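Listed here are the chains, written in short residue letters.
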Amino acid sequence: MKALLEVENLHTKIGQFSILQGVSLSVCEHTIHVLLGRNGAGKTTTLRTMMGYLRPVPGIIRFEDQELTGIATFRIARYGIGYMPEDHNLFANLTVEENLLLSLPKQDTHVRSQIAKMLDLFPDLRVAWRRPAGTLSGGQRQMLALASVLVSKPRLLLVDEPSKGLSPRFVERIGDALEQLRSETTIVLVEQNFYLAKRIGDYVTVLDEGHTVYSGEMQSFAASDELQKRYLGLQTDKKGGAK
Amino acid sequence: MMSTFFTLALDGISNSALYFLMAAGLTLIFGLLRVINFAHGGLFVWGAYAATFLYSAMHQFWLSLCAGILIGGLLGWLLERGLLTAVYGDGNQQLLLTMGVLILLSELIEIPFGRDPVLATVPPILHHSWVIDHVTIVAYSLFTIGMGACIFGILVYLLQKTRVGLIIRAGVNNQSLVEARGIPIRRLFTIVFLLGAALAGFAGALAGPYYGSITPSMGMDMQLNAFITVVLGGLGSLSGSLIGSLLIGLTTSFVSYYTPSFAVLANVLLMTLVLLVRPQGLFGEGEIV
Ligand SMILES: Nc1ncnc2c1ncn2[C@@H]1O[C@H](COP(=O)(O)OP(=O)(O)O)[C@@H](O)[C@H]1O
Ligand SMILES: [Mg+2]
Numbered sequence: 008m009k010a011l012l013e014v015e016n017l018h019t020k021i022g023q024f025s026i027l028q029g030v031s032l033s034v035c036e037h038t039i040h041v042l043l044g045r046n047g048a049g050k051t052t053t054l055r056t057m058m059g060y061l062r063p064v065p066g067i068i069r070f071e072d073q074e075l076t077g078i079a080t081f082r083i084a085r086y087g088i089g090y091m092p093e094d095h096n097l098f099a100n101l102t103v104e105e106n107l108l109l110s111l112p113k114q115d116t117h118v119r120s121q122i123a124k125m126l127d128l129f130p131d132l133r134v135a136w137r138r139p140a141g142t143l144s145g146g147q148r149q150m151l152a153l154a155s156v157l158v159s160k161p162r163l164l165l166v167d168e169p170s171k172g173l174s175p176r177f178v179e180r181i182g183d184a185l186e187q188l189r190s191e192t193t194i195v196l197v198e199q200n201f202y203l204a205k206r207i208g209d210y211v212t213v214l215d216e217g218h219t220v221y222s223g224e225m226q227s228f229a230a231s232d233e234l235q236k237r238y239l240g241l242q243t244d245k246k247g248g249a250k
Numbered sequence: 080m081m082s083t084f085f086t087l088a089l090d091g092i093s094n095s096a097l098y099f100l101m102a103a104g105l106t107l108i109f110g111l112l113r114v115i116n117f118a119h120g121g122l123f124v125w126g127a128y129a130a131t132f133l134y135s136a137m138h139q140f141w142l143s144l145c146a147g148i149l150i151g152g153l154l155g156w157l158l159e160r161g162l163l164t165a166v167y168g169d170g171n172q173q174l175l176l177t178m179g180v181l182i183l184l185s186e187l188i189e190i191p192f193g194r195d196p197v198l199a200t201v202p203p204i205l206h207h208s209w210v211i212d213h214v215t216i217v218a219y220s221l222f223t224i225g226m227g228a229c230i231f232g233i234l235v236y237l238l239q240k241t242r243v244g245l246i247i248r249a250g251v252n253n254q255s256l257v258e259a260r261g262i263p264i265r266r267l268f269t270i271v272f273l274l275g276a277a278l279a280g281f282a283g284a285l286a287g288p289y290y291g292s293i294t295p296s297m298g299m300d301m302q303l304n305a306f307i308t309v310v311l312g313g314l315g316s317l318s319g320s321l322i323g324s325l326l327i328g329l330t331t332s333f334v335s336y337y338t339p340s341f342a343v344l345a346n347v348l349l350m351t352l353v354l355l356v357r358p359q360g361l362f363g364e365g366e367i368v
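Which chain is which? The protein sequence lines are A and B, in order.
Taking the numbering used here, I'd label the letters of the first sequence as residues 8 to 250.
Taking the numbering used here, I'd label the letters of the second sequence as residues 80 to 368.
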């Protein structure tokens, strides 16, 4: 299968620090590709580089046949790439409704149906419709953040730790939502919760100290304690509920 | 006694309208671009001269107001595109640069027009005043207040009801996320700066007939009071600018009636007092409207 997103040998500096020093991954259409790695491995920086906030030197990012390196963030978004950052991923001073509306270009004729779809996917948002996003609970915030990326129907979705700080109930809900989306879009998911990653991921890439150290199918990765121990340092228990 | 109070109050409120037009632009520009535009007073003085000379040449009052708006907007556009883009994110550079532009713009005015005050006349339709119960009501003051109120209404509408307003409010909160939504934030910077600059030019155009004469140094004086106004009201807040401009306008009017030389000092004291109690200003940060 031809890759929708092809990332080759990214090297990204922040200030004088070399943060990424060889990140590669290849993402096929309609799959969920999980990025794993310890804290500080460079997962967030990889997504930020893909979105054009940071410029890789050298490095290649190809989306379909379009080279994204050196292109402004807003143009990258317009190619159909949605990004949910790890932090500050919504507009706290805008209402839930306004957060969603902002993602839709004004010439979009399907505003209502798109928004209705998000409310079906995340019913919790319905009750908070006119409240400022800053007043929502942690779970509601993550759902809104995800919904306001999804509402514009991105072809590729970059999601950075959507389950961070959420109770198991909300982690499940986010997982369900992402899984449902596989048929419509393609997802690159940064996820520390290995249980969730294993459940919904098709492919996995592991980063360490700014390098890609492993890439492969999630099924074989999840089945092998050996691989997990080597790349994640995980101590798996009998039930496989590693953390 | 009461009549003096009301006369001064009315004068103070029309003063406030001018401060508000300046402060609104300053606060919007700060909210989005994180730039305190000390050149704002320079746009004000150019607006005043453009309007005054157009009016004395053509006797078209509305056209003269438009000239103020245009010259303010044009200078603002040049300033943002030509100079500010190079120093975004660097507060010290912005301060030096915009201060320098304020001085430059004020000095440039002196070359053709000199330092002496130039007469600015009120157009005949607005050249009225009434005395009711010993309270003097000046038509041009009412007109100035009306203009200030209109602009406040338009800005609130723009921010709350339009897509551009939505994007501005979003940008004030989280710039990089606005970009991720496919919106070019830099274009918005230009729009907001131009809008604020046009308002400063408009304030200048209104101020000429209001003061009766204009001088090259009027921009510097206005800059000081407008700066006090936005800091007092809370940088980045439009409502804060409204309240701040009322406080400063009224204080200026009352204090300069009784002890003219203390007007600026009184405003500075007022600002200091408010900042001691609320360091973020009356309306603080976060909510622009
Ligand atoms: N703005 C920054 N300035 C300096 N170092 C940074 C900055 N952002 C991230 N880093 C460093 O880059 C490394 C990778 O960070 P990040 O991509 O956030 O990791 P992850 O998302 O995998 O936890 C970390 O060591 C972090 O300290
Ligand atoms: Mg991270």
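FYI, nobody ran anything at the bench for these hints, they're computed from the structure.
Predicted model only: the values in this text are computed from it and were never measured.
Idealized CB from N, CA, C, for every residue including glycine.
Just to be clear, a hint being listed does not mean it is correct.
Unchecked claim - Covered stretches of chain A (in silico footprint by chain B; criterion: 3 or more residues with CB under 8 Å from a CB of chain B, positions within the stretch not fixed):
no.: 1; segment: 74 to 81
no.: 2; segment: 91 to 99
no.: 3; segment: 103 to 111
Verification of the supplied hints:
no.	hint	in the structure
1	74 to 81	holds (count 3)
2	91 to 99	holds (count 6)
3	103 to 111	holds (count 4)
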